[in-house]
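Protein chains: 2
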Amino acid sequence: MFKFELIKKDPCGARLGRVTTGRGSFQTPVFMPVGTRASVKGVTPEELKDIGADIILANTYHLYVRPGHEIIKGLGGVHRFMHWDKNILTDSGGFQVWSLGKMRRITEEGVSFSSHIDGAKSSLTPESVIEVQEAIGADIIMPLDECAPHQSGRPYAENSMNLTLRWAGRSKAARTNPAQALFGIVQGAMFADLREESARATVEIGFDGYAIGGLSVGEEKHLMQEMLAATTPHLPEDRPRYLMGVGTPEDLVYGVSEGIDMFDCVMPTRNARNGTFFTRQGKLVIKNVRYADDPAPVSDGCGCYTCRNYSRAYLRHLYMEREVLSPRLNTIHNLFYYCSLMKEMQAAIEGDRFGEWRKRFERDNGSSGL
Amino acid sequence: MFKFELIKKDPCGARLGRVTTGRGSFQTPVFMPVGTRASVKGVTPEELKDIGADIILANTYHLYVRPGHEIIKGLGGVHRFMHWDKNILTDSGGFQVWSLGKMRRITEEGVSFSSHIDGAKSSLTPESVIEVQEAIGADIIMPLDECAPHQSGRPYAENSMNLTLRWAGRSKAARTNPAQALFGIVQGAMFADLREESARATVEIGFDGYAIGGLSVGEEKHLMQEMLAATTPHLPEDRPRYLMGVGTPEDLVYGVSEGIDMFDCVMPTRNARNGTFFTRQGKLVIKNVRYADDPAPVSDGCGCYTCRNYSRAYLRHLYMEREVLSPRLNTIHNLFYYCSLMKEMQAAIEGDRFGEWRKRFERDNGSSGL
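Residue numbers (this note's numbering), protein chains in the order written: chain A, 1 to 370; chain B, 1 to 370.
Do not take every clue at face value.
Where chains are identical, the list cannot tell them apart; a pair therefore holds if satisfied intra-copy or between any two copies.
[Stated by the list, open to error] Derived DSSO-like pairs (lysine-lysine); straight-line CA-CA distance at most 27 Å:
no., residue 1, residue 2
1, K287, K41
2, K102, K359
3, K343, K221
4, K121, K343
5, K49, K73
6, K287, K73
7, K86, K343
8, K3, K86
9, K121, K287
10, K172, K73
Calculated from the structure, these hints are not laboratory results.
Here chain A stands alone, though its shape is the one from the complex (with noise of 0.2 Å):
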């Protein structure tokens, strides 16, 4: 049913390709947009589609605490649930429990850890992730993981990536339902050879696709892109790429240059609610006094909702003001700059510019290339 194409490779590393998953197709490099608790914040599904979005991402960790995944599937599963009939990927909850810091402990069997909403004990396991995700009904699932802190010294993070690895087994075998593709997790926090261990050994058990963790959690820029380097060459051409919870547009055209497929990150989404907005020149922080009687768009030539409709004077407005609109214009403008961003790129390794592409934004975006 899962099906990966690469329909073309860059000179650079850049790849086009395209998911066919039981739901339809979408063309990668793709950004898959955050709607955490079954709903992108804000906005509904046919906002999205006028977006450009082609799949977003669930967290199986919420929907398991709230309103529990044996209610969705009484409901007919997530995409009847929140209206929504493109691709969906769940995560496996793992990131979300190592947040809870010390409410969690993880074992050999799984994790235990307190609700973040009432402290009620509950606990994951690889199987019960499993089980989970197949009642939410994802087009996409992910297996537990142990999402190591970046400062993790050797001996942690090597038996970190170990337990991930066969936890990544276990969540296979628990499988039964062969319509829902399974991504394996790479791990190995910052030690490139773990990171080269964890690959091979996760392509050995053998996934749908390629998932890569424990990135972008605080360490610096140039060790996420060592990891990257140290990762993707031991990842299979014929399967898709997630560099997960990655990043800001700077860090998506990086790694689409470094050969990644799919990206998640609630970035858009909470600078929009925060009033920042993501333009092709850098950030605009709309409370800035500065926008009070601005009548141009948040970003000329946008052809967004919000750009196409309202003048920065408004949407400052609105965003003093703790308007209910605010964060839904906001958020309409971010994801829509991330996935025209996405689609920019895939229409630059098509034409075979890729390099020129990439260089034209660095210098737009007055980056240097990170």
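Given the structure of chain A, go ahead and fit chain B onto it with the hints provided.
Then chain B, alone, in the frame of chain A:
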């Protein structure tokens, strides 16, 4: 420019009419969604049109305080500012100033008050309120009035009513833009003879339409009904009648049966944000646990976007999780319900069956005709 045609009058007293401004026409009876700060909370102008809204209300006081009427004027007026090209009515700010309680002082000249935001001293006079509304640029504007408390004793109510009349005359004299319709406001607290006197004297000054203010401010329902009955016989048939700040669906039906043409109220939008839906069978409080796994729409057969696409279970989930999409989807339903109710009443008057329609409404709604 401004025109009101009385198309048909039902034997019960309900009126079908048409208001025409330089901006366009709409049928009455009409409900005006409230967009306090030049935004109907959570919904776009396109959605308001889908909902069936023909005219919305914005608040002069709020826009005067922030972002300021000069900024709105500089940006081409409130329609362009908020991207809504249909009719807008701005209230005078009198009710908001009244709500400030101890923070305001009323004199013959006008009202001085401390801003609800930073306590800065400011003032409004009948003349400045017209100037502010001319800058904002709505299609229908209102004169400054004093909204006397419903518990007012007779001397206070009489003085206040007379002050409002003098302010009405000054407002009419201050007006410079004939393209904007100016309505008069009838006051008189809970004294039927003062209501009659106010109506007669306001009509004598002469306005494009007549509003009834100072009702639905905490008084008992029967008092509102008595004041309405004391007022409407003294208003001209050939001008629209606007019952300010009213009300529940039952109030709207009652008002229409008493010959009211225009209504506004925060109830559908505010209740939506608090998770309460209006339906033909009464209110539905979405947080109720019985809806946790309910696949039904809020209201069977409702044609709104929310009911066509989302279950009670999902709407409850969004509400419980305080998702930004929640107030939006809830608002769409409630405004659709209100606007559809008005259109049903228009059709019933048109078809000479308003009395019958009203009986069925009251039966469905479990109300006893108030």
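These are the hints, each one checked on the structure:
Taking the closest pair of Cα atoms, K287 and K41 come within 27 Å of each other both inside a single copy (20 Å) and across two copies (19 Å). For the homomeric pair K102 and K359, neither the shortest alpha-carbon distance inside one copy (44 Å) nor that between copies (62 Å) is at most 27 Å. For the identical chains of this complex, K343 and K221 are intra-copy neighbours only, at 25 Å inside a copy versus 59 Å across copies, given an alpha-carbon limit of 27 Å. Neither within a single protomer nor between protomers do K121 and K343 lie at most 27 Å apart by alpha-carbon distance, with minima of 43 Å and 53 Å respectively.
With identical chains, the CA atoms of K49 and K73 are at most 27 Å apart within one copy only, with a shortest distance of 24 Å there and 35 Å across copies. Taking identical chains as interchangeable, the C-alpha atoms of K287 and K73 lie at most 27 Å apart only when they sit on different chains, with a minimum of 20 Å there against 42 Å within one chain. For the identical chains of this complex, K86 and K343 are intra-copy neighbours only, at 17 Å inside a copy versus 36 Å across copies, given an alpha-carbon limit of 27 Å. In this homomeric assembly, K3 and K86 come within 27 Å of each other (Cα to Cα) only inside a single copy, at 16 Å, whereas the closest approach across copies is 49 Å.
With identical chains, the CA atoms of K121 and K287 are at most 27 Å apart between copies only, with a shortest distance of 24 Å across copies and 42 Å within one. Taking the closest pair of Cα atoms, K172 and K73 come within 27 Å of each other only inside a single copy of the chain (21 Å); across copies the shortest separation is 63 Å, beyond that limit.
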